[in-house]
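Note that the protein sequences, when read in sequence, are chains A and B. Residue numbers for the first sequence follow our numbering, so the first one is 1 and each next one is one higher. Residue numbers for the second sequence follow our numbering, so the first one is 1 and each next one is one higher.
Be aware that a few hints might be false.
Copies of the same chain look alike in the list, so a pair counts if it works inside one copy or between any two.
[Claimed, not checked] Computed list of lysine to any residue pairs in SDA-like fashion (alpha-carbon distance at most 20 angstroms, straight line):
| no. | residue 1 | residue 2 |
| --- | --- | --- |
| 1 | LYS437 | SER381 |
| 2 | LYS36 | THR172 |
| 3 | LYS43 | GLY205 |
| 4 | LYS151 | ILE88 |
| 5 | LYS145 | PRO91 |
Honestly, the hints are just simulated from the structure, not real lab data. All values reported here derive from a predicted model rather than from experimental measurement.
There are 2 protein chains.
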Amino acid sequence: MRKVLIFSILLMFCTDVFSQNTPAHVFTKDSLEIRKIYDEVLKNGQGYEWLRDLCLNIGHRISGSESAEKAVFWAKNIMEGLGLDRVILQPVMVPHWERGAPEIAYVQWGKEKIPLELLALGSSPSTQGTLTAEVIEVADVEELKLLPREKVEGKIVFINMPFNKAHIHTFTCYGENYSARRFGPSEASKKGAVGCLVRSLTHAGDDFPHTGNTGFDAGVTPIPCAALGTASSLKLHDLLNSGKKVSISMVLHCQSYPEKLSYNVIGEIRGSEKPDEYIIAGGHLDSWDVGHGAHDDGAGCVQSLEMLRTFKALGYKPRHSLRAVLFMNEENGLRGALKYAEEAKKNKEVHLAAIESDAGGFTPRGFTFENNMKAGRALMSWIPLLEPYLLHRFIEGGSGADIGPLKANGPVALFGYRPDDQRYFDYHHAASDTFDKVNKRELDLGSAAITALVYLIDQHPW
Amino acid sequence: MRKVLIFSILLMFCTDVFSQNTPAHVFTKDSLEIRKIYDEVLKNGQGYEWLRDLCLNIGHRISGSESAEKAVFWAKNIMEGLGLDRVILQPVMVPHWERGAPEIAYVQWGKEKIPLELLALGSSPSTQGTLTAEVIEVADVEELKLLPREKVEGKIVFINMPFNKAHIHTFTCYGENYSARRFGPSEASKKGAVGCLVRSLTHAGDDFPHTGNTGFDAGVTPIPCAALGTASSLKLHDLLNSGKKVSISMVLHCQSYPEKLSYNVIGEIRGSEKPDEYIIAGGHLDSWDVGHGAHDDGAGCVQSLEMLRTFKALGYKPRHSLRAVLFMNEENGLRGALKYAEEAKKNKEVHLAAIESDAGGFTPRGFTFENNMKAGRALMSWIPLLEPYLLHRFIEGGSGADIGPLKANGPVALFGYRPDDQRYFDYHHAASDTFDKVNKRELDLGSAAITALVYLIDQHPW
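Take these sequences, add in the hints, and give me the full structure.
This is the structure:
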């Protein structure tokens, strides 16, 4: 009960209506420092212009590509301009998969060729010429698993699983439908399918296909697989509903190549009191190979850079060492994340906390926390300081793929920055994830939120 | 202290981290009914398609225009299709001001004509041909008031007051800068100015001018006045900073005409227990005469219609009478709002509560409340029911211009629906406020939030 009461009293400050009654002593140095952080980011923030440069002058940057290499040196160059104590390129071998020439797909419908919009899934093999086969539709992977082999053999499986519109959080939809893209092609191959098409994981009603990685279980033959745009999925569904047999012809040119050397890019301000304890904020520098990778995850990269810039601009001397970590290869391998955790362990770098921003550059909602409940309780106690800045939602939950491997190193406090997610999957992994979809103020509010959290952790470690 | 404790315990439920521990009995009928409302809106909502129709087939609709009249019958037609108990066209006389042909403005700079993007402010007179005069820049209305008359006389006053980037809420910026547009031209005229240009009230860095209404104090000669795009404002500022005299030539064709007959459009479901007590939700049907009036306030109109549609679809029998009220002439006169309150008083219609949506169709944040503190406390007690739906921010504050006049009728509880406001003033009163700027899910979440609040008021009046 005592705990409940303490929480209750803390939570009194959660709602603006009470803030006018907040005792003066709560508005401490911390609240003034956080206000300074927001002033600096909102008035002088560079994140948006950095993102413009990354998106328009480098563009998308899948692991192993020339543009990913450019992005590494772009990030290093920005970090070197910030007057940091260290800038590190951390070598890591990454997968190298290429889409090749644009895909082609159509249904031959009498004399008409009905085109379909699709993008090969990451790790898909090519069709080696034109693949033509009859299509069979399933609602999800479970239905596919239950089908007898003879219904699937020699066919292209179409997994037509729409996002559930009733969910409030779009990440719930993604979590629910993820298996279609990640495991569908492998399951289809196990039943003898020659190809697999997955309806895009999105609420958007347009026809941009949303790619993403897939994979095949050990011993399973990889088959050509692709994401189908929403409108194309509805079109294909209608054709199948006509009762006639439907065949698709498709050409995918994608191919895997030998691994390549790439880098995580790390910028560091050394701590004044505990330089061997680290607080890091990060996003991933690689993207899918369409659009600009603006929300996913150019936004998280520039927000992490902006955190360091802001502390330098304010002349803040952190007690712990602070890092922005731009991870390589989140999208199709997670090699950068694994390498970072491995090196941290090897070098006995104690990580106090890691914050990941990989949910887009949208207007702020809050933070998730995991892996260290003392840190979670500390976060709850900071609500009165964060809540005036549109940060209302603080829940225990997954933080992010790139900081996840740090769990193996101990009770590192992991935080996920959580902006509003309504529009995230409109653009996620699609050609529509472009710079113009990012709003400067929304991006900046995220940078400031992350910087404020780094500040609070630095000042009040649990 | 007891009150504090009760609030504290209520607020325990405000933060998701605790919801897993919420006792079962809290998840009452209300929570199930609200879930049904969200299911209906998110799965079957018509608001987005109605908005598409309004924006693309009728377009902008300033009071007194042909398109405003079309919008009245468009709304009536939708209401009649919903099987309501009553659909009312409430006559009201409205101002009729027309922009006329597009404005022209430029600075003659040596041999070069440097064009400026501007839109006449509502109520501005025309320039009656080309007005050419020297420009003088001021930072705000206060600076203008302090200038000696001889510095202003015969000149065009340029009020170059940018939004303060450091504010977290963009409505704070609007409140701070509003005086420039509303009072600047009148103050300029008092000092003998022949025209007035006001930097657009926006954070956007583009060159869309943002119009809006102005007015002149009694006895003050109206002078031509216009909003200048942000880029044009920066350009003009630079020219003035060169030290040379800067003259602007501008042509405004706008003109005021005699008042016209128009209508508020009201749809009603009669209450089963207290039919003479009303709960209303509304937005305004008129817009400025550029763009589509999509966020301002097509969104609020279709959300109010969606509230009625949803209750009909769910077969919900309200205890009180429910109305959607689409007000006419919010933008340049508020005549519809004044008429509605006047008629309500005359007809002894007791208004229990009014909810206004006039802050755009963006992702939800919460509700403001005013004019009835019992209702405010009731709202606070409903937080646990609303918070799972991205509604976190409940503060005492202004609700909206159209329901404001109801205050004169008694302690009517007034609520303002508050979506996220970061992008609102990017589009507000500008040609960029078009249908494509509205996201279906964000719009629908707003409709459902309003419907849920109407439901709670209907079930649990204070």
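The hints, checked one at a time:
Within a single copy, LYS437 and SER381 get their C-alpha atoms no closer than 34 angstroms, and across copies no closer than 37 angstroms, so neither meets the 20 angstroms cut-off. Proximity of LYS36 and THR172 under a CA criterion of 20 angstroms is satisfied inter-copy only: 18 angstroms between copies versus 35 angstroms inside one chain copy. In the homo-oligomer, the alpha carbons of LYS43 and GLY205 lie at most 20 angstroms apart only across protomers (14 angstroms), although the nearest pairing inside one protomer, at 36 angstroms, exceeds that limit. For the identical chains of this complex, LYS151 and ILE88 are neighbours neither inside a copy (54 angstroms) nor across copies (59 angstroms), given an alpha-carbon limit of 20 angstroms.
For the identical chains of this complex, LYS145 and PRO91 are neighbours neither inside a copy (41 angstroms) nor across copies (64 angstroms), given an alpha-carbon limit of 20 angstroms.
Comparing the model with each earlier hint shows violations of hints 1, 4, 5; every other hint is respected.
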